[in-house]
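These protein sequence lines are chains A and B, in that order. For the first sequence, position 216 (counting from the first letter as 1) is numbered 216 according to the working numbering, and the numbering increases by one without interruption. For the second sequence, position 257 (counting from the first letter as 1) is numbered 257 according to the working numbering, and the numbering increases by one without interruption.
Just so you know, these hints were derived from the structure itself, not from any lab. Each residue gets a CB set at the ideal place from its N, CA and C atoms; glycine is no exception. Fair warning: there could be bad hints in the mix.
Below, in silico cross-link-like pairs of lysine-lysine (BS3-like), each with a Cα-Cα straight-line distance of 27 Å or less [unchecked claim]:
hint : chain 1 : residue 1 : chain 2 : residue 2
1    : B       : Lys181    : A       : Lys212
2    : B       : Lys216    : B       : Lys181
3    : B       : Lys181    : A       : Lys161
4    : B       : Lys18     : B       : Lys32
Covered stretches of chain B, as calculated for chain A (at least 3 residues, CB under 8 Å) [to be verified]:
hint : region
5    : 7-13
6    : 196-210
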Amino acid sequence: MSDAWIYGEHGGELTSRLLAELGFSPHRVAANGALRPPEGDNRAPALAVVLASGLERPSCAELCARLAADDDLGEVPVLVALACGGLADGLGVAEGHELLVEPFSAEELQARIARARRTVNGIDHDDVVRVGSLEMNLATYQVAIDGRPVDFTYMEYELLKFLVTHPRRVFSREALLHRVWGYDYYGGARTVDVHVRRVRAKLGSEHASRIKTVRSVGYRWEGT
Amino acid sequence: MSGHREFVLRTVEERGVKFIRLWFVDVLGLLKSVSIPVSELESALEEGVGLDGSSLEGASRLREHDVIAHPDPRTFQVLPWRPDSIVSRMFCDVRQPDGEPFGGDSRLVLRRVLEQAAALGYTMQVGCELEFFLFEALGSNGAEPATLDDGAYFDLTPQDVGSDFRRRTIEYLEQMGIPVKASHHEVAPSQHEIQLAHTDALSMADAVTTFRIAVKEAAHELGAYATFMPKPLEAHPGSGMHLHISLFEGDRNAFHAPDPEQPLSPAGRAFLAGVLAHVCELTAVTNQWINSYRRLATGFEAPGTVSWTRRGAAALVRVPSRRPGRASGTRFELRSPDPSCNPYLALALILAAGLRGIERGYELQAESLDDAAEGPRLPLDLREATDLFDGSELARETLGDRLCDVFVANKRRELEDERRTVTEFDRSRYLRLL
Numbered sequence: 001m002s003d004a005w006i007y008g009e010h011g012g013e014l015t016s017r018l019l020a021e022l023g024f025s026p027h028r029v030a031a032n033g034a035l036r037p038p039e040g041d042n043r044a045p046a047l048a049v050v051l052a053s054g055l056e057r058p059s060c061a062e063l064c065a066r067l068a069a070d071d072d073l074g075e076v077p078v079l080v081a082l083a084c085g086g087l088a089d090g091l092g093v094a095e096g097h098e099l100l101v102e103p104f105s106a107e108e109l110q111a112r113i114a115r116a117r118r119t120v121n122g123i124d125h126d127d128v129v130r131v132g133s134l135e136m137n138l139a140t141y142q143v144a145i146d147g148r149p150v151d152f153t154y155m156e157y158e159l160l161k162f163l164v165t166h167p168r169r170v171f172s173r174e175a176l177l178h179r180v181w182g183y184d185y186y187g188g189a190r191t192v193d194v195h196v197r198r199v200r201a202k203l204g205s206e207h208a209s210r211i212k213t214v215r216s217v218g219y220r221w222e223g224t
Numbered sequence: 001m002s003g004h005r006e007f008v009l010r011t012v013e014e015r016g017v018k019f020i021r022l023w024f025v026d027v028l029g030l031l032k033s034v035s036i037p038v039s040e041l042e043s044a045l046e047e048g049v050g051l052d053g054s055s056l057e058g059a060s061r062l063r064e065h066d067v068i069a070h071p072d073p074r075t076f077q078v079l080p081w082r083p084d085s086i087v088s089r090m091f092c093d094v095r096q097p098d099g100e101p102f103g104g105d106s107r108l109v110l111r112r113v114l115e116q117a118a119a120l121g122y123t124m125q126v127g128c129e130l131e132f133f134l135f136e137a138l139g140s141n142g143a144e145p146a147t148l149d150d151g152a153y154f155d156l157t158p159q160d161v162g163s164d165f166r167r168r169t170i171e172y173l174e175q176m177g178i179p180v181k182a183s184h185h186e187v188a189p190s191q192h193e194i195q196l197a198h199t200d201a202l203s204m205a206d207a208v209t210t211f212r213i214a215v216k217e218a219a220h221e222l223g224a225y226a227t228f229m230p231k232p233l234e235a236h237p238g239s240g241m242h243l244h245i246s247l248f249e250g251d252r253n254a255f256h257a258p259d260p261e262q263p264l265s266p267a268g269r270a271f272l273a274g275v276l277a278h279v280c281e282l283t284a285v286t287n288q289w290i291n292s293y294r295r296l297a298t299g300f301e302a303p304g305t306v307s308w309t310r311r312g313a314a315a316l317v318r319v320p321s322r323r324p325g326r327a328s329g330t331r332f333e334l335r336s337p338d339p340s341c342n343p344y345l346a347l348a349l350i351l352a353a354g355l356r357g358i359e360r361g362y363e364l365q366a367e368s369l370d371d372a373a374e375g376p377r378l379p380l381d382l383r384e385a386t387d388l389f390d391g392s393e394l395a396r397e398t399l400g401d402r403l404c405d406v407f408v409a410n411k412r413r414e415l416e417d418e419r420r421t422v423t424e425f426d427r428s429r430y431l432r433l434l
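Same shape as in the complex, but just chain A (with noise of 0.2 Å):
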């Protein structure tokens, strides 16, 4: 179940609801400024939404550019949601990855994620992301070259999934030790460059090296 925070007030609770029909797990993030939800282990969501309408302090502008410089959350993709009406004042009109205007339905809804999403992580809106012959299936957690299987396990898969999904950025080894694994691995950072290697022997020669290696940095995806 992929993670979607919600910020400001205006239209929340149907906004919720709609993310939840689209098969979210909606997060409510408290109004004074935080730009993280109160539970959950803080690990990046798949989707954020802001309701523009209303939000003051900080305003949309600021809430945006601070989710943009923010290190865990600078990759997700912003949906700006205003109130009906709200394009003439022109507020958060030229923020976010994707623009909706109340009324919406869920479909459309839907529609502005997978637009979003595409734009930001490359995820196709069937949820299959393609690189070349690779296919990797964030609903089912599939992944597939010209069509045959590659089985994963479980952390090699999410490893992928964060490269595949912020490709072309160079990430340290903390850093995807961080967001990959989450805050309370003690295995140390050898732990991300035995996963790559093995994340590599299973993709084959085709895709390997599309994991790059930045030295003394950490590593990067090269998607095309």
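Place chain B on chain A using the hints.
Quick look at chain B alone, frame taken from chain A:
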């Protein structure tokens, strides 16, 4: 943990997995398996699966008692062999019905020592070189098996099953997330070596266990038989399992010494001193069969005395020379263990011995500069090794009384069985003479 569980359930459904094998090892490291159908998977993940705990006790079972095997979803993996029926495996932790750890579970023993190391800020990294023989399918008697080639060290043997076999094995291993560093033909005919890339100690013990069955499966598919028996051929070297060991503190190799004159850091020297000080007590575990001592007896680079060196290939411990700029590669290589040991107990004891060296500030003995090393000798046979193990306070502290007692009972029984056996040796030496 819920993410792991969902991943397992979903993958089983998507891949059409029919059976799930729940793996655990007995006190001797022999792989045991309970197979469950997919319909039982959810409850197995939730509540575990009941077993008779005496199945973990080798040939010397105490009495039947109930234990629960809890599959570890992090180790879920589809098995790459026999692709026509999709089967997967998970390693298990074995607990008492009330949830307390079961003292007879080797995997839990290793976990416990790894936690002690973690409390001191250390994680253990292990690389592994495994040697083994590939023979023609075995006959039913105890005759010497037929070799498949006359290859030698690093030979490329184009027309043998060996190359196909190594390629297939490596594919299996890589599909199971066990990266291979290198493989080559070993010194003896029909002997092979595969090197596994370093990883944390628990993953390595799981990998060695998986390796042994993957190799046997690949051999079987080619109509051959693979064995990890330490010394199958009298005239040729036996099979060892060289362990490359290092400790890390976070990202930093705790064995690395900035001073190029020093082979290892102070912590590394104390750790190695601990391993050398206790190695004779631990030999019953690293070399656990009567046959293991036939490998150690005959040289061929198998160690016989407690020594370490930076050069030479016959010492018990070799500290490889460092390559500039590769601090993370600093390690030592322990050369006595053989590939038929219980890797969980062997790694647990080696780590415990090393940590004791660090905690009590052991001094590392002088480097031995020639191959005919002077030094205390390793146990000559399983009886001597078992006696030393039986009296080892370190072994009791690390493995717990129950596991030690069961291990010793197994070994005493093996020795007793051998004592009663009239062998080829007896007949060839005595029949005509006496």
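Structure-based check of each hint:
1. Between lysine 181 of chain B and lysine 212 of chain A the CA atoms are separated by roughly 19 Å; this keeps the pair inside 27 Å, and the hint holds.
2. In summary, the hint linking lysine 216 of chain B to lysine 181 of chain B is supported, as the alpha carbons are separated by about 20 Å, within the 27 Å threshold.
3. Taking the CA atoms of lysine 181 of chain B and lysine 161 of chain A, the gap is about 25 Å. The hint holds against a cut of 27 Å.
4. Restraint check for lysine 18 of chain B and lysine 32 of chain B: satisfied, since their Cα atoms lie roughly 19 Å apart, inside the 27 Å limit.
5. Coverage of a stretch by a chain is defined here by at least three residues with a beta carbon nearer than 8 Å to that chain's beta carbons; for the region 7-13 of chain B and chain A the count is 4, and the condition holds.
6. Taking a C-beta to C-beta cut-off of 8 Å, the region 196-210 of chain B contributes 5 residues in contact with chain A, enough for the three needed, and the coverage statement holds.
This entry satisfies every hint, going by the numbered hints stated previously.
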